[in-house]
Amino acid sequence: AQRVTQPEKLLSVFKGAPVELKCNYSYSGSPELFWYVQYSRQRLQLLLRHISRESIKGFTADLNKGETSFHLKKPFAQEEDSAMYYCALFGNEKLTFGTGTRLTIIP
Amino acid sequence: DAGVTQSPTHLIKTRGQQVTLRCSPKSGHDTVSWYQQALGQGPQFIFQYYEEEERQRGNFPDRFSGHQFPNYSSELNVNALLLGDSALYLCASSVGLAVNTGELFFGEGSRLTVL
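Residue numbers (my numbering), protein chains in the order written: chain A, 1 to 107; chain B, 108 to 222.
Simulated from the structure, these hints should not be mistaken for lab results. Please note: incorrect hints may appear among the correct ones.
Claimed, not checked - No farther apart than 27 Å at their CA atoms in a straight line, the calculated lysine-lysine pairs in the DSS-like style are these:
no.: 1; chain 1: A; residue 1: 57; chain 2: A; residue 2: 15
no.: 2; chain 1: B; residue 1: 133; chain 2: A; residue 2: 94
no.: 3; chain 1: B; residue 1: 133; chain 2: A; residue 2: 57
As the structure is a prediction and not an experimental result, all values here were calculated from the model.
Looking at chain A on its own, in the form it has when it is part of the complex (with noise of 0.2 Å):
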């Protein structure tokens, strides 16, 4: 069975300060990792995918396969930033979805 946990429900982060998303998995295969967002009153879309290695908004996310590990990263938090983030893993032909944590950025 294939799991994804992200132990921080909620998060705040004064602006400027440094940024990181827990996400860890659980998965026999080769993973495939994604972080997905949810700004407010705004539909669920894609952040970015390890596979892709990209920066998208400032932020990043390292597949640590040692630790099973996909944290989300961004050095300087803004405003914006303040969502709904979630991780994913693709496995067994299915995306399963962690339980989110709620990023507040504070001014």
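Given the structure of chain A, go ahead and fit chain B onto it with the hints provided.
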């Protein structure tokens, strides 16, 4: 392009009733996936439709069924509703079965309340 559209946006049913939710995928998309999102939880995969057939299914009972039409739109049916079926039901569309790209486009959801 309106993106993924779902109807109705809200509905209230009583236990034992049946409900049908509808989804139109984003233009150019031919695959529809359905998710259930209970309060405080992440979306849980129900099933996926491609070429009018159910291709993948999550851990949901047979009370949950679906259909995909030739125009790629889809319906989710839930029979014998239980209080625990109260949730936001999300539809997501994509191109082909390449869900591994993660490129899912989500609708705004249908919020079902079962009394």
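Structure-based check of each hint:
no.: 1; hint: A:57 / A:15; in the structure: holds (15 Å)
no.: 2; hint: B:133 / A:94; in the structure: holds (20 Å)
no.: 3; hint: B:133 / A:57; in the structure: holds (24 Å)
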